[in-house]
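> Note that the protein sequences, when read in sequence, are chains A and B. So the first sequence is numbered by this note's numbering: it starts at 70 and just counts up by one. So the second sequence is numbered by this note's numbering: it starts at 70 and just counts up by one.
For the record, the hints were derived by calculation from the structure and aren't laboratory data. Hints are not guaranteed to be accurate.
Copies of one chain are not kept apart here, so a pair can be met inside one copy or by any two copies together.
[To be verified] Lysine-lysine pairs mimicking DSSO-like chemistry, simulated, CA-CA at most 27 Å apart:
1) 242 to 279
2) 121 to 279
3) 279 to 235
4) 131 to 279
There are 2 protein chains.
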Amino acid sequence: MDSTIPYIPEPTLRRLPWYLACVSRLRAHGVERVSSTTISRELNVDSSQIAKDLSYLNIRGKTRIGYDVVELEQVLVDFLGFARSHNAVIMGAGSLGAALIADSGLRRFGLNIVAGFDVNPALVGTDIGEVPIFHTDELAARRSELGAEIAIIAVPVDIAADVAEKCVAAGFKALWNFTPFRIRTSPEIVVTNTSIYAHLAVMYNRLSAKR
Amino acid sequence: MDSTIPYIPEPTLRRLPWYLACVSRLRAHGVERVSSTTISRELNVDSSQIAKDLSYLNIRGKTRIGYDVVELEQVLVDFLGFARSHNAVIMGAGSLGAALIADSGLRRFGLNIVAGFDVNPALVGTDIGEVPIFHTDELAARRSELGAEIAIIAVPVDIAADVAEKCVAAGFKALWNFTPFRIRTSPEIVVTNTSIYAHLAVMYNRLSAKR
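The following block holds chain A by itself, in its conformation from the complex:
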């Protein structure tokens, strides 16, 4: 099934989950059909953009009727990979790492955190929720038995470079980077950056500028 998934432009990929949230909400309210115009009104995204984004999916809306809500929701969930389970490990089981392990929302979107790795003796050998925490030295030995391709980097920024290198050496295919360090690695490795703290900087500036 994965082999049928084409490479989609990132802006489209980022909007598709918005459409999913919108359609799920409509379905929960008993709505049966939806047009891109309606989604446009709900989300404040241009309706021609929505039609174009949805054209990547294996679904067609009907003129003057629109999309079947249940079908569109299912096609989006399948397409986005949220219905499949993707095993991942957390590098760094400190504050942010433990928080991500605790966030059951990630599991609902297909992310299955199977282990954490840390060097802190107070954490190694413990469980957070039901997730075991191993020593980082065991990363390479444990990766394939864990069946994990995704490493979530939640370590302090000053060791992010070293940890990312260790993950690549251990055979991980994707790094989800929560640190502000810009990871550079081989082009075969997928790197996704989530800069929570950069968003704070934007928010603080906008608040100050409005005063």
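Based on these hints, arrange chain B on the given structure of chain A.
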């Protein structure tokens, strides 16, 4: 001090924390001077872009010497607002909300979560860490005594619209939205979106496309 802070383009604001992370790392390693060329090599960002971004700050590098590392770190921290305390509340003290309360990293970047709000009777009246959880009905009455201008929206997506409206009515000036719902509100309100799950969609697609 806030009044001297100009409106900065968002791409610049998002890069400044990368520079801060880089400079903090250099300072920890005892480096005293840094040029934009060095930062460029570390972060994989064009050095003329870095010089332009840093020109928004009240600091000048010296030709052939570069920036003073300690000074640049301090100027960045001040400018980004990470050294000031910004009171915030969490809307939704479930899985993600509790995780954000637990993430001490946010506090290091100036975000001070002073309360959570939820409608779940099992949560209302409890503390998470040292953060009290109140009923959402008390939001308007509690906001000013809490001195909070920022509301972090971590509720289920189907109530995100209602909760955002309640926050604006209660007098919050900034909404940090972790749901995939696109909040539309008056232009005086700062809305910052952090779509963790949209990043998952991008990562899954890139992983599949590489197979």
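> All the hints need checking, so say for each whether the structure fits it.
Here is what the structure says about each hint:
| no. | hint | in the structure |
| --- | --- | --- |
| 1 | 242 to 279 | between (43 Å within a copy, 9 Å between copies) |
| 2 | 121 to 279 | between (35 Å within a copy, 24 Å between copies) |
| 3 | 279 to 235 | between (44 Å within a copy, 21 Å between copies) |
| 4 | 131 to 279 | neither (45 Å within a copy, 33 Å between copies) |
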